[in-house]
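**Student:** Chain residues, written in single-letter form:
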Amino acid sequence: MQEINIPITPKTPLVKLNADTGQLELKGRSIPENSIEFYSPVFQWIDDYSMQPKPATELHIQLEYFNTSSSKCVLDILKKLQTLHQNNRTVAKVLWYYEEDDEDMLEAGEDYQAIIRVPFEMIKIEE
Amino acid sequence: MFDIYDFYEKMEDGKIMLSFKGEITSELLTSILRILETKLEHIGDEPKLRKKVYNVLVECLQNLYHHNDGVNILTNEDHKSALFLIGRNDQSNYKIITGNYILKKNVEGFKEKIDKINELSKEELKEYYISTLSNEEYSGKGGGGLGMIDIARKSGHKIGYTFNDVDDQFSFFSLMITVTI
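Residue numbers (this note's numbering), protein chains in the order written: chain A, 1 to 127; chain B, 1001 to 1181.
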């Protein structure tokens, strides 16, 4: 399966999705005006990955900023992961990174944690 | 004649960091955000406040981009025109102001939405955000109401607003947002 590797831009994050390792990564900023357009290849990739997932899948999310339209897309990614996890197709885990002074980003992770039934690990990045 | 120095002084007294009136395009958003990010870094408020301001800015500007019903009726040109302004006083108190045309039939809906948000406590806002995020269908454009809740959460202040009657079809909708630590 094709690996996805989208480079970082001022408005969109680095996206690395690797089907061989089960490691998925979003890193940077996610503030595009049209989030659905940006995330649709990611949704497609996860749907394809869901046909033959690895025994363990880890989603690393390290966002500095994200807008509310991206927040819906992130939720959609997490829901796809949740479906795999709940059907015992993979053991999923979300690693949510936040900078130590960024309570808003920690809270954003906790918001998702309240919605999604997948284990979360909150990881503080020391400055 | 228009007094430019008077205008300059008014901006200086009002501690205006940036103001803009015109059509909000994607490229413009990118430029404004880049300029303001540099300014915010230069001012050197603590990173926590800087991030809050930047976050609120992104939502406000993208609101303008997505939800402007207006054709610019004052110049009669068929384009979207909006107003954006940000200021900061010496106490690191940021004010973000936006203005845009909206159809009169949408005024009541906006009022109710903001009034509802303004009544909620910090904890209630969090619950409202989570329920809106998890229940709502994709709107395709902005967050479909999520933006205003997010602005209220990040800013930590009530959202100020006014509606000015323009004609029988349009109102001018202004938002005033305060961001402090």
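If you are wondering where the hints come from, they were derived from the structure by calculation, not from laboratory data. Here the structure is a predicted model, which means the values were calculated and not measured. Keep in mind that the hints are not guaranteed to be accurate.
[Claimed, not checked] Pair ranges (Cβ atoms, derived):
1) L1103/B / D101/A: 16 to 22 Å
2) I8/A / N1118/B: 35 to 41 Å
3) G1014/B / S50/A: 53 to 59 Å
4) Q1091/B / I8/A: 49 to 55 Å
5) E1127/B / I123/A: 21 to 27 Å
6) R89/A / D1168/B: 56 to 62 Å
7) M122/A / E1119/B: 26 to 32 Å
8) E110/A / E1009/B: 25 to 31 Å
9) K1122/B / D101/A: 16 to 22 Å
10) K1116/B / E3/A: 18 to 24 Å
11) I1130/B / V91/A: 24 to 30 Å
[To be verified] With a straight-line Cα cutoff of 25 Å, these simulated PhoX-like cross-link-like pairs (lysine-lysine) come out:
12) K1126/B / K1039/B
13) K79/A / K1126/B
14) K1095/B / K124/A
15) K27/A / K1048/B
Ideal Cβ placement from N, Cα and C applies to all residues, glycine included.
**Student:** Now look at each hint and say whether the structure bears it out.
**Tutor:** To see whether the hints hold, each was checked on the structure:
no.: 1; hint: L1103/B / D101/A: 16 to 22 Å; result: 42 Å, violated
no.: 2; hint: I8/A / N1118/B: 35 to 41 Å; result: 37 Å, holds
no.: 3; hint: G1014/B / S50/A: 53 to 59 Å; result: 54 Å, holds
no.: 4; hint: Q1091/B / I8/A: 49 to 55 Å; result: 35 Å, violated
no.: 5; hint: E1127/B / I123/A: 21 to 27 Å; result: 25 Å, holds
no.: 6; hint: R89/A / D1168/B: 56 to 62 Å; result: 58 Å, holds
no.: 7; hint: M122/A / E1119/B: 26 to 32 Å; result: 30 Å, holds
no.: 8; hint: E110/A / E1009/B: 25 to 31 Å; result: 46 Å, violated
no.: 9; hint: K1122/B / D101/A: 16 to 22 Å; result: 18 Å, holds
no.: 10; hint: K1116/B / E3/A: 18 to 24 Å; result: 45 Å, violated
no.: 11; hint: I1130/B / V91/A: 24 to 30 Å; result: 25 Å, holds
no.: 12; hint: K1126/B / K1039/B; result: 30 Å, violated
no.: 13; hint: K79/A / K1126/B; result: 20 Å, holds
no.: 14; hint: K1095/B / K124/A; result: 30 Å, violated
no.: 15; hint: K27/A / K1048/B; result: 19 Å, holds
When held up to the earlier numbered hints, the structure conflicts with 1, 4, 8, 10, 12 and 14 and fits the remainder.
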